[in-house]
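K.L.:
Spelled out from the first residue to the last, the chains are:
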Amino acid sequence: MNSSVIVFPGSNCDRDIAVALEKLQFKNKMIWHKDTSLPKSDLIVIPGGFSYGDYLRSGAIAGKSNILNEVVKAANDGCLVLGVCNGFQILTETGLLKGVLLRNNNLKFIGKDINVKVVNTDNKFCNKYKKDQVLKLNIAHNEGNYFTDAEHLKELEDKNLIPFKYCDKNGNVNKESNPNGSLNSIAAIFNNNKNILGMMPHPERMVDKIISNDDGVNLFTSLLNN
Amino acid sequence: MEKPYQLNLEKNKLKFSVKITLKKNVLDPQGKIVQQTLQNMGMDTLKTLRQGKYFEIDVNENDETIATNKIEEMCNKLLVNLIIEDFKISKV
Chain A
1 MNSSVIVFPG SNCDRDIAVA LEKLQFKNKM IWHKDTSLPK SDLIVIPGGF SYGDYLRSGA
61 IAGKSNILNE VVKAANDGCL VLGVCNGFQI LTETGLLKGV LLRNNNLKFI GKDINVKVVN
121 TDNKFCNKYK KDQVLKLNIA HNEGNYFTDA EHLKELEDKN LIPFKYCDKN GNVNKESNPN
181 GSLNSIAAIF NNNKNILGMM PHPERMVDKI ISNDDGVNLF TSLLNN
Chain B
1 MEKPYQLNLE KNKLKFSVKI TLKKNVLDPQ GKIVQQTLQN MGMDTLKTLR QGKYFEIDVN
61 ENDETIATNK IEEMCNKLLV NLIIEDFKIS KV
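Residue numbers (the working numbering), protein chains in the order written: chain A, 1 to 226; chain B, 1 to 92.
Incorrect hints may have been included.
[Stated by the list, open to error] For lysine-lysine, the following BS3-like pairs were computed, each having C-alpha atoms within a straight-line distance of at most 25 Å:
(1) A:K108 to B:K88
(2) A:K64 to B:K32
(3) A:K98 to B:K47
(4) A:K154 to B:K24
(5) B:K32 to A:K108
(6) B:K47 to B:K88
(7) A:K64 to B:K23
Don't read these hints as lab results, they were simulated from the structure. Note that the structure is a prediction, hence the values are computed from the model and not measured.
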């Protein structure tokens, strides 16, 4: 499977995700944001970091870059797109994903391991996970508080477009286990076609038992399973 | 002595300000903390406070309608996230 990782000034998880992809046998290329064409890709990854220093709004400036026009075209043609953390913020700024990531409700940058529950496995990114499985992943963000209008929120729930929700160790989804105030404890969402996934937790940080755990591996192996 | 071409340049320049505010139903944690701090300092008359953004924009255009439309386009395309924010354009 061919993957492309988009690199912006201020990206800092680009090499981490490249290591994860290559470890799991993806043929990966790094693509600079000023490029105006994409190599043939089965998966496009918009990595985490602080593109353009989060100026104006997180992801706003990166969302208008040259390469994003190509990403939007490819995504609309059905290419798989994964946006992690700042990548999720960029996807909402381009309109590929609806909604917005507001500042964490406690006004603090949160960098810690958290738990998420796999709410929906019927998609190309999560088919190797079990439904209701509890994963330990890492978050590191200041704006991860997902917000959208009531109509879209209902659509997300009704059409199973939420793959991961924040939970506690035992899988309880509630106010206490929600780290950032995200609506309905949303940690990740899909577009209607489920080819675009935006998520705040970092799966690429959990691909090796020696340094952390490997709860993130199945997200990548699910993609290879299609 | 004033040079005529400089005067002309000034005449062609319009200035605008754009105020961006969070929509009413969007939580403003930063504004809330500022509000609480002011209230804790004894500012009893303060009822509510919301934080926003402010831009000053100069344009090379002497037609006010065209210029306003351009500023509106800037707001819609980049400056404002219409899901959570409202904006108001004023001529300075």
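K.L.:
If a hint holds in the structure, say so; if it does not, say that too.
P.N.:
These are the hints, each one checked on the structure:
Restraint check for K108 of chain A and K88 of chain B: the C-alpha separation of about 30 Å exceeds 25 Å, so the hint is violated. A hinted pair counts as satisfied when its Cα atoms are at most 25 Å apart, and K64 of chain A with K32 of chain B does not qualify at roughly 31 Å. Between K98 of chain A and K47 of chain B the CA atoms are separated by roughly 33 Å; this puts the pair beyond 25 Å, and the hint is violated. Of the supplied pair hints, the one linking K154 of chain A and K24 of chain B holds, its CA atoms being roughly 21 Å apart against a limit of 25 Å.
Straight-line distance between C-alpha atoms of K32 of chain B and K108 of chain A comes to about 14 Å, which keeps the hinted pair within the 25 Å bound. Proposed proximity of K47 of chain B and K88 of chain B is supported: the alpha carbons are some 23 Å apart, at most 25 Å. Proposed proximity of K64 of chain A and K23 of chain B is supported: the alpha carbons are some 24 Å apart, at most 25 Å.
Violation of the numbered hints given earlier is confined to hints 1, 2 and 3; the remaining hints are satisfied by the structure.
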